[in-house]
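Here are the chains, one letter per residue:
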Amino acid sequence: MESTTATHDDHYHGPASGIRRWLFTTNHKDIGTLYLWFSLIMFFVGGAMAMVIRAELIAPGMNLVDPMFYNQLITVHALVMIFGAVMPAFVGLANWMVPMMIGAPDMALPRMNNWSFWILPIGFTLLLMTFFLPGGAPASGWTIYPPLVLQTGDAFPFLVFSIHVLGISSIMGAMNIIVTIMNLRAPGMGLLKMPIFIWTWLITAYLLIAVMPVLAGAVTMLLTDKYFGTSFFDAAGGGDPVLFQHIFWFFGHPEVYIMILPAFGIISEVIPTFSRKRLFGYEAMVYATAAIAFLSFIVWAHHMFTVGMPIGGLLFFMFTTMLIAVPTGVKIFNWVATMWRGAMTFETPMLFALAFLFLFTIGGFSGLMLAIVPADFQYHDSYFVVAHFHYVLVPGSVFAIMAGVYYWLPKWTGNMYNEFWAKTHFWLTAISVNITFFPQHFVGLAGMPRRIPDYPVQFADWNMVSSLGSFVFGISQLIFVAVIIGCIRGGTRKVDDRVWEGSHGLEWTLPSPAPYHSFDKPPEVR
Amino acid sequence: MSGYEPGPDQAEHVRQGRRRAVKWAIGLALVVLVFYVGFFFLIDARY
Chain A
1 MESTTATHDD
11 HYHGPASGIR
21 RWLFTTNHKD
31 IGTLYLWFSL
41 IMFFVGGAMA
51 MVIRAELIAP
61 GMNLVDPMFY
71 NQLITVHALV
81 MIFGAVMPAF
91 VGLANWMVPM
101 MIGAPDMALP
111 RMNNWSFWIL
121 PIGFTLLLMT
131 FFLPGGAPAS
141 GWTIYPPLVL
151 QTGDAFPFLV
161 FSIHVLGISS
171 IMGAMNIIVT
181 IMNLRAPGMG
191 LLKMPIFIWT
201 WLITAYLLIA
211 VMPVLAGAVT
221 MLLTDKYFGT
231 SFFDAAGGGD
241 PVLFQHIFWF
251 FGHPEVYIMI
261 LPAFGIISEV
271 IPTFSRKRLF
281 GYEAMVYATA
291 AIAFLSFIVW
301 AHHMFTVGMP
311 IGGLLFFMFT
321 TMLIAVPTGV
331 KIFNWVATMW
341 RGAMTFETPM
351 LFALAFLFLF
361 TIGGFSGLML
371 AIVPADFQYH
381 DSYFVVAHFH
391 YVLVPGSVFA
401 IMAGVYYWLP
411 KWTGNMYNEF
421 WAKTHFWLTA
431 ISVNITFFPQ
441 HFVGLAGMPR
451 RIPDYPVQFA
461 DWNMVSSLGS
471 FVFGISQLIF
481 VAVIIGCIRG
491 GTRKVDDRVW
501 EGSHGLEWTL
511 PSPAPYHSFD
521 KPPEVR
Chain B
1 MSGYEPGPDQ
11 AEHVRQGRRR
21 AVKWAIGLAL
31 VVLVFYVGFF
41 FLIDARY
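Protein chains in written order, with this note's numbering: chain A, 1 to 526; chain B, 1 to 47.
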């Protein structure tokens, strides 16, 4: 950087050719593309595991896999979907959009950006190769509670090391996003002039910085407990296994918001565009996001009501959890108010955003049910919990990612995707996601435990419905891939710079497709 | 490869921004370190 002068001329170079472009790139658009393709691949890897799980559960009895392998599948399915699909997809969207939305030419630390991505495949290679080790993959569930997780065979150090690697990747990515937003905004773009997607990502990045080291610390303590004779979580040595649960959920609950706050940001971009109105209550949205982030640090023990804690603790965590409904409600009502009397149209991104609004709210309400301590004693560890968090994560986070991809894909490629097939993808996905997960509320309330490969015949009907829904959901995602590839290869037509009639923001002032290097001149922000 | 430098109009703004960004990154890395190492001390003090 020191050698930069007004006369140097290397800012017109394009991408390197071949594999070198992708291995050594420091361009935010290239790295964003890598993240997005990686997350799509992981979505299918984790999805394939989900298909096997639902095939096993399609009827009572042991049908397809042995119970130990089933436990490995549910564990790795969760880890892959959380750390491999949802989080990298949001980081990919951030890489593409943060510089373009704030008027910066690139991320502030581009070399670190390259590293953040490329250690990710290494982490997942470590995790996925455990299926082929003696004893198989980790089988403790993604919460990796001791002492159960300490029974893992040769896979255990691989699990710990892969979590470390994924954590380092997330922390570096988060640091890059924070320093870029705080230091490279276009002149004139004050904090309260930033697009809401930028705000949500800024707050998410701070959450990542705060909690990923805690997870790293927890798994390191597991490692030393297993191999170096410590007793952090071993009662026989004076430790406490419940301590792990507290540490894990101190990470785990903010992690939930790490996976939903950027989704809120995307929805806050999409709804105003297709309502042809400005976002209602911009500042309230910012403060609500910050409030949710703050509350996410003081609710963790609601995952542990049945473990046992003093009545004061139960009440504290119950009420703080319920409090989250207030800023979340502010957001939901602001989105509805944005649409109120707007000139709405229903292109695919808007359809996904609307489905998000309805279905995420269902997930939020079942979360409120789970927050009620006496009720939680009934729901805990049942399929009701599985239904709840899948409603939050699939029609919540995943639908928002899909809305974002359809929304920005024309800007990235310069081509319009096939609206008919995109809408077909939406309707098949939206219907099948409900067929898959809504019945899980019923079997959960009736007493079906989670994380079991077999169940009594009374749960058979709704499990079959759920499995059939999941197969339709899985196959529907092939349409998503076909639409994306079709769009990259030319789409249905060329798009202009603004793409959508109602779009606002700096990213829409750039040509479509967005040039390899954007904002050679600082944009004007008034 | 790296090597992208912004155009002349943007150069000074970006150069100053990146200098600040490096300082920010060092500060954030220290926060990460405190959270990571601090946890061990915390746990060690408790048990």
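Any given hint could be a false lead.
[What the hints assert, rightly or not] Listed below are the simulated DSSO-like cross-link pairs for lysine-lysine, each with C-alpha atoms no more than 27 Å apart in a straight line:
1. K277/A to K23/B
2. K494/A to K193/A
3. K521/A to K23/B
4. K193/A to K521/A
5. K423/A to K226/A
6. K277/A to K193/A
[Claimed, not checked] Have a look at the derived ranges for each label pair, beta carbon to beta carbon:
7. L30/B to Y287/A: 26 to 36 Å
8. P121/A to G27/B: 46 to 56 Å
9. L64/A to V34/B: 19 to 29 Å
10. M182/A to G38/B: 19 to 29 Å
11. M464/A to F41/B: 49 to 59 Å
12. E12/B to D497/A: 21 to 31 Å
13. F131/A to V34/B: 32 to 42 Å
14. G38/B to L315/A: 48 to 58 Å
[Unchecked claim] So the derived list for chain B, only partly shown, Cβ under 8 Å to chain A, looks like this:
15. H13
16. R20
17. L28
18. A29
19. L30
20. V31
21. F35
22. F40
If you're looking for bench data, these hints aren't it; they were derived computationally from the structure. C-beta atoms are modelled at their ideal positions from N, C-alpha and C, and glycine is treated no differently.
Taking the hints in turn, this is what the structure says about them:
1. K277/A to K23/B: Violated, at roughly 39 Å.
2. K494/A to K193/A: violated (31 Å)
3. K521/A to K23/B: holds (25 Å)
4. K193/A to K521/A: holds (19 Å)
5. K423/A to K226/A: violated (51 Å)
6. K277/A to K193/A: holds (16 Å)
7. L30/B to Y287/A: 26 to 36 Å: holds (28 Å)
8. P121/A to G27/B: 46 to 56 Å: violated (29 Å)
9. L64/A to V34/B: 19 to 29 Å: Roughly 48 Å apart at Cβ, these two residues miss the hinted range, so it is violated.
10. M182/A to G38/B: 19 to 29 Å: holds (24 Å)
11. M464/A to F41/B: 49 to 59 Å: Once the Cβ atoms are compared, 53 Å apart, the range 49 to 59 Å for F41/B and M464/A holds.
12. E12/B to D497/A: 21 to 31 Å: For D497/A against E12/B, whose Cβ atoms are near 27 Å apart, the range 21 to 31 Å holds.
13. F131/A to V34/B: 32 to 42 Å: holds (36 Å)
14. G38/B to L315/A: 48 to 58 Å: With Cβ atoms ~29 Å apart, the hint is violated.
15. H13: holds (6 Å)
16. R20: holds (5 Å)
17. L28: Where the cut-off is 8 Å and the nearest Cβ of chain A is about 5 Å from L28/B, the hint holds.
18. A29: With Cβ-Cβ at 7 Å, under 8 Å, it holds.
19. L30: violated (11 Å)
20. V31: holds (6 Å)
21. F35: holds (4 Å)
22. F40: Where the cut-off is 8 Å and the nearest Cβ of chain A is about 6 Å from F40/B, the hint holds.
The structure does not agree with the numbered hints 1, 2, 5, 8, 9, 14 and 19 stated previously, though it agrees with the rest.
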